[in-house]
Amino acid sequence: MNCFISSIRQFYLKSFFLFTFFLLVVNFCFSQADGEKIFKQNCAACHRIDGQKLVGPGLKDVASRVPQPADEWLFKWIKNNVALQKAGDAYANKVFNDNAKLPMLVFEGVLSDDAIKSVIAYMKNPPAPASNVTAAAQNAALVTPQQNTGESTPYILFIVSVVLIMIVIILGVVLRNLQTVANAKKGLPPLARLGVVKWASNHKRLLALIGILCLVLIAGATYQALMEIGVYQTYKPVQPILFSHQTHAGKLTINCVYCHSDAEKGKTAGVPSANVCMNCHKAISSGPLTGKVEIAKIYDAVGWNIETGKYDKPQHPIEWVRVHALADFAYFNHSQHVVVGKQACANCHGDMAATDVALQNSPLTMGWCIDCHRKTEVPGMTSNPYYADLHKKLAEKYKGQSITVEKMGGLDCIKCHY
Amino acid sequence: MKKYWQSLDELKETPEFLDSKKNEFAEDVPTEVLGRKYLTPNPSPNGEGSEEKSGFSRRDFLKVMGFSVGAVTLAACETPVNKTIPYLFKPEEITPGIANWYASTYFDGHDYCAVLVKTREGRPIKIEGNKLSKITHGGASARVQASVLSLYDSERLKGPVAKGSETTWEKVDQEITAKLSAGNVRILSSTIISPSAKNIISNFSAKYPNTKHVTYDAVSYYAISKANEGVIPSFNFDKANVIVSFGADFLVNWLSPVEHAWQYAQGRKLDNGKKTLSKHVQFETILSLTGSNADLRVPVKPSQIGTAVLNLYNALASMAGETKLNASGKVAEQAITDSAKWLWANKGKSLVVCGVNDEAIQTVVAAINKMLSNYGSTIDVENYSNCHQGNDAHFADLMDDMKNGKVAALIVYNSNPAYTAPCFADAIKKVGLKISFSGSMDETASLCDYVCPDHHYLESWNDAEPKQNQFSLTQPTIAPIFNTRCAQESLMKWSGVANPNYHEYIQSTWERLLFPADLGFTEHWNESLHNGVAEIIPVIATPSSPSLPQGKGFNQAKAVHEEQPKGEEEAHGVVNKMSLSECASIIAKDKGGDVELVLYEKTGMGIGNQANNPWLQEFPDPISKCTWDNYITMNPTDMKDKYSLLERGDYMGDVVELTVGGQKISAPVYPQPGQALGTIGLAYGYGRTSAGKVAKGVGVDAYRFLQWKNGTVQNSVSGVKVSDAIGEKHEFACTQTHHTMMGRNSIVQETNLETYTNKPKEEWNPMVAVAMHDSTANYHEGPAAEANLWDAHDKPGFRWGLSLDLNSCIGCGSCVISCSAENNVPVVGKTEVRKTREMHWIRIDRYYSSDMNLEKGDEEGKGLIESYREMESASENPKVVFQPIMCQHCNHAPCETVCPVLATTHSTEGINQMIYNRCIGTRYCANNCPYKVRRFNWFEYDKNNMFADVNPATWANDLGRMVLNPDVVVRSRGVMEKCTMCVQRIQEGKLTAKKLERKLMDGEIQTACQQSCPANAIIFGDLNNKETQISKHYDDERRYLLLEEVGVQPNVFYLTKVRNA
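In order, the protein sequences belong to chains A and B. Heads up, the first sequence is in this note's numbering, so the first residue is 505 and it goes up one at a time. Heads up, the second sequence is in this note's numbering, so the first residue is 26 and it goes up one at a time.
Just to be clear, a hint being listed does not mean it is correct.
Said to hold, decoys possible - No more than 25 Å apart at the CA atoms, straight line, and that leaves these computed lysine-lysine pairs for DSS-like: (1) B:K1024 to A:K769; (2) B:K1020 to A:K769; (3) A:K911 to B:K689; (4) B:K718 to B:K616; (5) A:K879 to B:K820; (6) B:K616 to B:K689; (7) A:K814 to B:K115; (8) B:K454 to B:K431; (9) A:K769 to B:K1051; (10) A:K740 to B:K108; (11) B:K115 to A:K911; (12) B:K689 to A:K769; (13) A:K769 to B:K115; (14) B:K718 to A:K897; (15) A:K896 to B:K1020; (16) B:K108 to A:K817; (17) A:K846 to B:K1020; (18) A:K896 to B:K689; (19) A:K901 to B:K1015.
None of these hints come from the bench; they were simulated from the model.
Kindly generate the complete structure, drawing on both the sequences and the hints.
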């Protein structure tokens, strides 16, 4: 019997460690996910997580090449690389000189210390490189939505651990009950109360407090999770043609509105029609990344015959997967923001010159829209005669304050919802 | 222990009681009803019993609900995959999200209108008037607006049909050409105003020499052309100071209503300090829209109109010193004398028109106008109208020929005589080959061997010469949806043209006949096509070309090529003219009857060719406010005195039997104040048997009562028998059930011209006062505008407002359809309208005057309740006012303060904004709205199968959905909606100005209602800018606010109606 009980104790001990491990994993996953997000928002415009150089060096194995301890040095560098250089850090100056003396942005005041740490954690343990390029090329017709699964893993682990703990507790209770019954039959005295139970009965208030705290946390997490429904930030579906924005907008520096010309005219920026592709690809039939494979798909779609140099083959429309899908009840006009508001494409879409496949860079939630409207001034307001009277009136009313979109009525519901 | 019992059953413990004890609820919960009525496709007719059998219990309901909630939550977690398919080769002119406009022409054989067509991504979605037109001046009637929906009618024919089964064009062409040369061919069409189409018909006649073309209009104006030397003149109501109309509903139906409405409004406007009004007298039988706008309206029986015209002639003749005619008696003596006086005082600036298709009467009317020297000023014979060339005599001949088997082949084009002409169905039986060009399987097409469906006008090329030297073009705005072929191309094909192309044909016709080559045809053509209209003096009609009668114009010129049935001089009905004394004796013969019937056109339905158009079916008739119906109109006095019919009102009507000759129908009686005593009215356009599912079973057919009288088809019938109620009840669906203003003066304000010109504003538009108190708590009366419960909203930029001029508004309702089209307003069907659930964002309230008022009641010693009861009923011949009402966009909006979720708030531009995605459907706002302009979505009209037959924009019908405006959300169930002042247009207009870096111009943004108004009664603009037209209206002394005393301070305001009486 004793042996049996000790084995039970062992089991409890093991499950305790197991649970702690789970918590660690969960914690780690969270911080890594955070780091990835921050990296994509702040660093990815200039750095790639793999070895390739973009504006700045690729960050593969970065921790092993910088002065040790790597975490400390990287933290200083990211926080204020200029200060580090000025302080005479040899490696910092070397990096600066090696990269065409282009200074890196200073993140002091932009990113919190914790954020920087999570970015470093992310850089040290990057996810496996996206090896699906070739695979996807073969299965391009099979379009499946790809959600970032990095965030759902910790939830699953968390749930599994909770379930395991529950099982352990239930088994324990069952065991105790059995033993109580056995003892009663044998006429032995009943089992002493467990230490935990004793402790619990002595600290009921504390327990209640912990219980309430747990409930609040769960409710908060549920609310957060619910608010994420329908938000498809980082949505990056596989497209039927592996078009690389990086090649076109980045390497070849083609202006965004060359292809997305509707952005300056109408409410949609528009997926370019294939005849726009053909402006160049009549002549260019092979690309640096995928050779002829992907460009041939355009030819197939428009019915271009390379031999005859004519559109004499059957045509098939290209079914792209829509990346940015605003809800039907929200009206958004590109030309309003691009032409009148003079907003750069990257403000919402991120640096497409550094991204291969189109992804949804911004959450496109109403809160996100409104935040911007609260902060932003209309750049051409003083020079655009349309705003002349309004600007004069508002300038008087809000003396000295900046006249944001909000102050001009940019938060009126009906400007977007009708 | 005492036992209490609830019933005897319980005491006796009967088996029923023991049974019922097992049930938790004595009655079924309402979900039961829901399940039975709406969730099962075929509700059982057994009534109560079936409820239990349906097996949809409360628990099932909860289960289903729980499952759905779970499923929805799960589904929401996954990113939906949407495809986006761009053009392969994008047409240069198309930018997704930006509308393209094309100028075009609407002509359905009855109404002409120069239009602009708004297309989005290649789909026409909205029709608006073309401001460049010198005929229609940018107006568009309800029927023209609604025509875009007829394009997406799923019951249009999908391809050619031979003997009831679908076939191919090759086969049809082969078979028809083989049969055509067999004998006499007749082409029966409604009026054709296209010079090119006429040319094609003459070419066809050349190929088949036995061909004759017969023009037949469903509503004929043959008598007018006979009385005016073969042409229908243009009438200029804008140049007339005095207008006298005998039964001509010229504002919405007669000849060219959009044109007349614009002209009429010019004489009724009081803008810019103008203090004169035209005077309008109307003698008529039914209460028409035109009559309801008249300063003096005299109800007369149809048989009396001729006598009234003669009386007027005689009254004027005595002033002019000419010989009088014999008139049998006197009609409306005072009104005739007054009219004669006013007309004579405005010689050359007056106009007498008549809507009766009787040559004798029209000849006398023409003589009156001649006597008044109106020819050349208000009546223009030179620039005559081509829009109504129907020839009753030719049609009668054709019917005879057909009956006698003399017609081997009949081709029916743009006409539905099987429905509109009572004798046609019999006559067609003896015709060998019957061909129809109808776009749908209408009554005539279903009698034909071959149906070769024509394009809808929005898919087709065409040209038109609505008036002498006024040309316009129709251009396609969408590729043909179905396998249809333009009728002209069919005729060309059968004439032997191998690859007919009507577009090229029109161009070559124009090049040959309308533009001398040295002027540069391409530029002229492009300009005409861009503008949609062109004023051209055709080269062919110059005096130098000897073969053509001078001034007969292009259409006449074409007639030379045609072999007319009875020689050239009769081509336009020029016959031996009746002398006036002959006319008088013919008129005297009409003795009338005890009860006379008048057939009339409704403002929405017209001649009924668009009966399958749900927008028009749900369009409330401006006078009766009835939707989805026609009915016998009868004066309430007659109903009481003659037939002892209860005036059941607008909700329920008694059905009676109507007998004329051998024809008998049963129809409900609708109480219509203003209807001449001893008469009844019945509208055309209903009772269609083969129009489609929308029109099916709606109303009764009136065309069968048309009568052949004095050589013309006439719309009035005497010798009518109306039975007493046969015991059946008919349900009406009216949108307004209260008809008088009950002595209130803050709804419609009106005054007369004399008071307006001579008295200070306080007398006719007094300040609205409310009780106020100052700091010492002394009560006094102060202006309502100063009594504010709330602070004003800040409107730094624009403050949008709408002004509605009640003097210009004729009540035609074109704005209602325009609004529905612009804002995706759903059609809900008759049952829902009866529950006051119609969804129109703009309504036109119509009020009748009453004989009773509080002062009069007091004098007569009547109690207050008795007086009010009498004030509820309209006068026998009431004065009528129209008032368009939409959301008033109150500055202190009562709806905003009661919304628990802030779904309706105030914008910085003064718009009361309604946010659908925020609304939870409490309907507090609608309850708190003093104007009752908010509409609640009781159902998902676009998805619910209950509405599949009526609402064009359902998921079940991809075609109907194409008419939706992509810039406006389709509202879901459970949300409130209302007028947004066309915010999508405001936003678009502002953005255009911003992008071009210039100021927004006044008039640049037009709301849909404003754009379509043929009378320009609605003005939209910025009230913060003092230079705008609306600001000028705001400062007008006639301005008043609707229900100003409630203190909601609307941004929409009205201008007092001033009558010239």
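Against the structure, the hints come out as follows:
no. : hint              : in the structure
1   : B:K1024 to A:K769 : holds, 19 Å
2   : B:K1020 to A:K769 : holds, 9 Å
3   : A:K911 to B:K689  : violated, 70 Å
4   : B:K718 to B:K616  : violated, 42 Å
5   : A:K879 to B:K820  : holds, 21 Å
6   : B:K616 to B:K689  : holds, 23 Å
7   : A:K814 to B:K115  : holds, 17 Å
8   : B:K454 to B:K431  : holds, 12 Å
9   : A:K769 to B:K1051 : violated, 32 Å
10  : A:K740 to B:K108  : holds, 14 Å
11  : B:K115 to A:K911  : violated, 39 Å
12  : B:K689 to A:K769  : violated, 62 Å
13  : A:K769 to B:K115  : holds, 15 Å
14  : B:K718 to A:K897  : violated, 58 Å
15  : A:K896 to B:K1020 : holds, 20 Å
16  : B:K108 to A:K817  : holds, 24 Å
17  : A:K846 to B:K1020 : holds, 11 Å
18  : A:K896 to B:K689  : violated, 74 Å
19  : A:K901 to B:K1015 : holds, 23 Å
Hint check: violations occur at hints 3, 4, 9, 11, 12, 14 and 18; the rest are consistent with the structure.
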